[in-house]
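Engineer: So the chains spell out like this:
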Amino acid sequence: MSNEVFTQLVDAHYAPLYRFALSLAKRPADAGDLVQQTFFIWATKGHGLRELSKAKSWLFTTLYREFLHGQRRDTRVSSLEDLPPGESDVAAEDVDRATRMDAASVVAALQTVDEVFRAPLTLFYLEDLSYSEIADTLEVPIGTVMSRLSRGKAQLRAALEQEEAAAKSKIVPFTGAQGRKHS
Amino acid sequence: MNNNEAKFVLGAYRANGRDAGDPTFGAAVAQAKADPALGAWLARARAHDGAMAAKLNEIMPPAGLREAILAGARASRAPKVARRFPTMWFALAASVAVLLTATFALWPNRGAASTTQLTAFAREDTAHGTHGGHGEVEGSLQVMLSQPSNRLSAGVPVDFAALRATGCRTLNFAGHDVLEVCFQREGAWFHCYIVNAADFPAMAKDTAADFEQKAGFGSASWSDGVHRFVVVSNAGLDAVKRLL
Chain A
1 MSNEVFTQLV DAHYAPLYRF ALSLAKRPAD AGDLVQQTFF IWATKGHGLR ELSKAKSWLF
61 TTLYREFLHG QRRDTRVSSL EDLPPGESDV AAEDVDRATR MDAASVVAAL QTVDEVFRAP
121 LTLFYLEDLS YSEIADTLEV PIGTVMSRLS RGKAQLRAAL EQEEAAAKSK IVPFTGAQGR
181 KHS
Chain B
1001 MNNNEAKFVL GAYRANGRDA GDPTFGAAVA QAKADPALGA WLARARAHDG AMAAKLNEIM
1061 PPAGLREAIL AGARASRAPK VARRFPTMWF ALAASVAVLL TATFALWPNR GAASTTQLTA
1121 FAREDTAHGT HGGHGEVEGS LQVMLSQPSN RLSAGVPVDF AALRATGCRT LNFAGHDVLE
1181 VCFQREGAWF HCYIVNAADF PAMAKDTAAD FEQKAGFGSA SWSDGVHRFV VVSNAGLDAV
1241 KRLL
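Residue numbers (the numbering used here), protein chains in the order written: chain A, 1 to 183; chain B, 1001 to 1244.
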């Protein structure tokens, strides 16, 4: 692959890959490493020009595999699949909260969602991949993707609420000079 | 489909509307249009999804990540041929490679080396050499060689001096320079070795390709009168033939 084509590939995908990696790995440095490792594998495994149309799915799949390689799978994964469907109601307050929170707080909340839900949820919100492409990327059935999105969104809404409450509790109200005690 | 089932399906419906044409969502979307309560739920769900997507896309990669990726890829661009022998044989193979290189470099009659010997040299380097080169001139040639529609027998544009001067990998065979350029087609790596035909008067000029399959490598050797080319790959002889 020529340098020009590789550069185009990096420019097209490194930002969404980083966002996906950040949601998985949580630490920016680890996310950056995951993205670099993914492109390193692309560069060294010799993907041909004709495969460029599949590059996006390949990159997301490889990044996810690299993330899984780096950690022991959570033993709760299988049991979570058996849980009943999540609460699907979305209140108007949920929408308002997501809109007014800053991006860093939203990502912090997303990072508290169980990893098994977090991966499909992040790919869904990146809006680059359809549900069937997410299924291919994570190598799970389509029904599982839909189930995990439903459960993940419910967890996320709860996490956003907690994140916002935690942020509010850190705010120290300004009492002014009248409220001060002089010792 | 009841409303709970519709919500389950619509949970995978992207807020940006890119799934509008997907028949998977057709019935659920139609139900949301017919049922005000479900429609209101869908509006809130899409607004929430849209807000989340917008927030997530505000996250920017750290400065320098792009440059680090590109620099790392350049450093690792050299394709490695997969190890085909157990480790214990590597020392022996390396010794043989060194001997062969020395033999070819110290060839008593430099111009007398044959095309068969050049092909053997190229095959040996493909198997054991550390590949990789750089430079704009090599990059252009690499792109040309990689294009599936380009038949190499129709001509390969080579500026030997410019390639050598700008970083193309250069070897020594029988006392003369050999340029090597790696390229890909059909997902397989090929290695193109180029010599000046004038350096090897014993080799016939302007010849059609000779093909050979040996030691797990397919190869082709031909000349356009000015240069002689040898292409080697472990992708098989048919893959090599398709290049020409």
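Bear in mind the hints are in silico, worked out from the structure with no lab data behind them.
A hint or two may mislead.
[Said to hold, decoys possible] Ranges between beta-carbon positions, derived for each pair:
| id | chain 1 | residue 1 | chain 2 | residue 2 | range |
| --- | --- | --- | --- | --- | --- |
| 1 | A | Lys26 | B | Ala1020 | 16 to 24 angstroms |
| 2 | B | Ala1030 | A | Ala12 | 33 to 41 angstroms |
| 3 | A | Arg27 | B | Ser1140 | 37 to 45 angstroms |
| 4 | A | Pro28 | B | Gly1039 | 39 to 47 angstroms |
| 5 | B | Ala1202 | A | Asn3 | 53 to 61 angstroms |
| 6 | A | Thr7 | B | Pro1036 | 28 to 36 angstroms |
| 7 | A | Gln8 | B | Leu1244 | 22 to 30 angstroms |
| 8 | A | Pro28 | B | Thr1170 | 37 to 45 angstroms |
[Stated by the list, open to error] Below, a list of computed lysine-lysine pairs in the DSBU-like style, where the Cα atoms sit at most 30 angstroms apart:
| id | chain 1 | residue 1 | chain 2 | residue 2 |
| --- | --- | --- | --- | --- |
| 9 | B | Lys1214 | A | Lys45 |
| 10 | A | Lys26 | A | Lys54 |
| 11 | A | Lys45 | A | Lys56 |
| 12 | A | Lys54 | B | Lys1241 |
| 13 | B | Lys1241 | A | Lys45 |
| 14 | A | Lys56 | A | Lys26 |
| 15 | B | Lys1241 | B | Lys1214 |
| 16 | A | Lys168 | A | Lys26 |
| 17 | A | Lys26 | A | Lys45 |
[Said to hold, decoys possible] Output of the computed footprint for chain B on chain A, the stretches with three or more beta carbons under 8 angstroms from beta carbons of chain B:
| id | stretch |
| --- | --- |
| 18 | 26 to 38 |
| 19 | 59 to 71 |
| 20 | 90 to 97 |
| 21 | 105 to 117 |
| 22 | 121 to 128 |
| 23 | 149 to 161 |
Note that beta-carbon positions come from the ideal geometry of N, C-alpha and C, so glycine has one too.
Engineer: Could you tell me which of the numbered hints above are not met by this structure, giving the numbers in increasing order?
Structural biologist: Numbers 1, 5, 6, 19, in rising order.
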